[in-house]
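Full structure from sequences and hints, please.
If you read the protein sequences in the order shown, they are chains A and B.
Following the working numbering, the residues of the first sequence are numbered contiguously, the last one being 453.
Following the working numbering, the residues of the second sequence are numbered contiguously, the last one being 470.
Calculated directly from the structure, the hints in this document are not laboratory data.
Just so you know, not all the hints are guaranteed correct.
Counterexamples of contact, computed for chain A against chain B with all Cβ distances above 10 Å [unchecked claim]:
(1) D308
(2) V320
(3) S321
(4) A395
(5) L400
(6) L401
(7) Y403
(8) D427
(9) A434
(10) T436
Restraint-style ranges between C-beta atoms, simulated for each label pair [to be verified]:
(11) A:R393 <-> B:P298: 48 to 58 Å
(12) B:G242 <-> A:D427: 21 to 31 Å
(13) B:E285 <-> A:D427: 33 to 43 Å
The structure displayed is predicted, hence computed values, not measured ones.
Every residue gets a Cβ at the ideal spot worked out from N, C-alpha and C, and that includes glycine.
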Amino acid sequence: MTPPSEVPVSSELYARVVAWVFREAELLDGGHEREWLETMVSKDVVYQVPLRQTVERAHGTGFSDTTFHLNESYGSLMTRVRRNESGYAWAEDPPSRTRHFVTNIRLAKLDGDRLALKSNLLIYRTRRDQTLPQLLSGERQDVLRLEDGDLKLVARTILLDLTVLETHNLAIIF
Amino acid sequence: MTGAHSNGNSKSVSERLLEELREGLPNGQIPAALFGNEEIFNLELRKIFARCWVFLAHDSEIPKAGDYVRRKIGQDNFIVVRDDEGQIHALFDACRHRGVQICRADSGNTEIFKCPYHGWAYDTKGNLLGAPLWKNAFGGMPKESNGLLRAAKLATYHGLIFATLDPTAPPLEEYLGGMKWYLDLVFGLNEHGIEIIGAPQRFVIDANWKSGAENFSGDDYHLGTLHQSVWAIGAFPVPFADNMMGYHIQASAGHSLSFSMAPSEDAPGPRFFAYPEEVAATFNSSRISPEQLRIAGRSRVFVGNVFPNFSILLAPMTDDGANFPATGVLTIRTWQPMGAGRIEAWNWFCAYRNMTPSQKDRVYRSGLASFSMGGVFEMDDTEPWMLASRTGRSVAAEVLDLKLNYQMGLPGVGIARRTEDWPGPGIVYSPRYEEGVQRNMFRFYSDMMRAEPGSWPRFSLD
Chain A
280 MTPPSEVPVS
290 SELYARVVAW
300 VFREAELLDG
310 GHEREWLETM
320 VSKDVVYQVP
330 LRQTVERAHG
340 TGFSDTTFHL
350 NESYGSLMTR
360 VRRNESGYAW
370 AEDPPSRTRH
380 FVTNIRLAKL
390 DGDRLALKSN
400 LLIYRTRRDQ
410 TLPQLLSGER
420 QDVLRLEDGD
430 LKLVARTILL
440 DLTVLETHNL
450 AIIF
Chain B
9 MTGAHSNGNS
19 KSVSERLLEE
29 LREGLPNGQI
39 PAALFGNEEI
49 FNLELRKIFA
59 RCWVFLAHDS
69 EIPKAGDYVR
79 RKIGQDNFIV
89 VRDDEGQIHA
99 LFDACRHRGV
109 QICRADSGNT
119 EIFKCPYHGW
129 AYDTKGNLLG
139 APLWKNAFGG
149 MPKESNGLLR
159 AAKLATYHGL
169 IFATLDPTAP
179 PLEEYLGGMK
189 WYLDLVFGLN
199 EHGIEIIGAP
209 QRFVIDANWK
219 SGAENFSGDD
229 YHLGTLHQSV
239 WAIGAFPVPF
249 ADNMMGYHIQ
259 ASAGHSLSFS
269 MAPSEDAPGP
279 RFFAYPEEVA
289 ATFNSSRISP
299 EQLRIAGRSR
309 VFVGNVFPNF
319 SILLAPMTDD
329 GANFPATGVL
339 TIRTWQPMGA
349 GRIEAWNWFC
359 AYRNMTPSQK
369 DRVYRSGLAS
379 FSMGGVFEMD
389 DTEPWMLASR
399 TGRSVAAEVL
409 DLKLNYQMGL
419 PGVGIARRTE
429 DWPGPGIVYS
439 PRYEEGVQRN
449 MFRFYSDMMR
459 AEPGSWPRFS
469 LD
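Here it is, written out as structure tokens:
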């Protein structure tokens, strides 16, 4: 495998990926989860939010390789989408108001037609008449691939900054 | 003026609420304020969490000498550690010198716990080993009386580690009473037993811990409404009405459970909680009686709560109904009391040790996708608990004297009837249209809340 090569911020490819990221955030915040899944996500996607523990510096970041808050496939993501369409998904009906803020986008070429995309993510979420938001911040590590000319999400790992999550559920998509 | 709200009443709010609980329970009436009142919550920390046996960890989480995990009794951290002789200790995470927390990671392996303030160092038994320049600073002071404090008692059952801060607490097995029979047929289905998969998931719910505890005591009726989506997406294989078949069991004082069960051993539908056939074939009566094994074979769902806040669920689940059949998923959790309206939920998944890696992976994926903070079942549960605790804090509930209704299954209410045709311990009702399981939890809660320090209520069911 060739080492990843950085894609310059000024390049056409970088601009294309940024537009992809903006479109994705717009679909998710707008409640268009099915459109997101069907048009932006690869059928073999691996979508994971690993558990994190507080550990001493010598033991690294505390992220687990084997245990997760979410460990999803295309099929299980489709299950979530269908659930929200069922009319009985009380956790998200009325839906949360979410805002995905995606910054610090770094892009590198991997082998083949795959791209490694790293970004910082802040999700601002409120429900009902809450005035204090639930905030979830972390690093998003994505792999994108060109499929029939379209960029598709093949892998997503969300490295959250919290060990105890200050949210009553994860009925949202990162 | 007469009644509980008269101006001349010198009773505190908590005394009044507990009196109303005691009086209302036989009729299935519970004051809503129990789910939000601060005075009640502060009493619970002392009268419930500082006295009852609480779950800390499973021994598979700390298999080797020096392995430790940091856990909670009430709101306080305890280090659950295995010493070099294999003994497990629950050490209060507070240095004897200035009270600083000495355990700085959620889990790990160590020979020494060293306080970051002045360097007092303790071994994995909690003994004080020394401190910098010991002779100059502390020479002549005995180390023996300056070890870490510890839970008054610690005991395990099927590898589940429990502890209590109360030296007058009865032995764990006496405290569990009839609940042991049911824990046996969840955790002891074969000679291998269970292990924890990975680290626990932790998240915060703005709700009262009793909402989690009473739900897992056997609230099956909410499935048809709150969890209706799971049938729409094929996540759960037993239809709502069929799933109400089975038994509600008050196993012993405070501890309740519920089985969704097939009407006979050869009825269609999941057997052994839908564990894969190759796994179910290894279930045997090496640790349990043939009768317990037969009950497990007919079972579709087990849900139960060990008072106060240790909940267990074993149920058929799948993350992707279109591609994978449901598998038995065993999850255990604690509802840590972080405030009158604040729970820190801890959630572990368990697998039988003799399952293959791919079978364990199916359990873990299916469990995460159903009973975790991102799971399609559990994500719906937390919001009503938040709303119930909001009502528990409300002035209107206090002024209008809102009593919550726990009357399902009382004489003349619904179709559930007490059955004597049952091989296990406890008071048993069938089918599951019944809230005696919750009333049993609140009856023991009521007794503990009114018990004087050092005295224990009678562990009777009636």
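A quick look at each hint next to the structure:
1. Consistency note on D308 (chain A): stated as away from chain B, and its beta-carbon is indeed over 10 Å from all of that chain's, at 18 Å minimum.
2. Separation of V320 (chain A) from chain B is adequate, the least Cβ-Cβ distance of about 15 Å exceeding the 10 Å criterion.
3. Look at S321 (chain A): its CB is around 16 Å from the nearest CB on chain B, clear of 10 Å, so calling it non-interface holds up.
4. At roughly 25 Å from the closest C-beta of chain B, the C-beta of A395 (chain A) stays outside 10 Å, upholding its exclusion from the interface.
5. With a least beta-carbon separation of about 16 Å from chain B, L400 (chain A) lies farther than 10 Å from that chain, consistent with its non-interface assignment.
6. For L401 (chain A), the non-interface assignment is confirmed: its Cβ lies about 18 Å from the closest Cβ of chain B, beyond the 10 Å cut-off.
7. Here Y403 (chain A) stays apart from chain B, with its beta-carbon at least about 17 Å from theirs, past the 10 Å limit.
8. Under the 10 Å C-beta cut-off, the non-interface status given to D427 (chain A) relative to chain B holds; the minimum distance is some 24 Å.
9. In this structure A434 (chain A) is separated from chain B by more than 10 Å, as the shortest Cβ-Cβ distance comes to about 16 Å.
10. Its beta-carbon lying about 15 Å from the closest one in chain B, T436 (chain A) satisfies the requirement of being farther than 10 Å from that chain.
11. The given range of 48 to 58 Å is respected by R393 (chain A) and P298 (chain B), whose C-beta atoms sit roughly 57 Å from each other.
12. The beta-carbon spacing between G242 (chain B) and D427 (chain A), approximately 30 Å, falls within the hinted interval of 21 to 31 Å.
13. For the pair E285 (chain B) and D427 (chain A), the supplied restraint of 33 to 43 Å holds, since their beta-carbon distance comes to about 41 Å.
Of the numbered hints stated above, none is contradicted by the structure.
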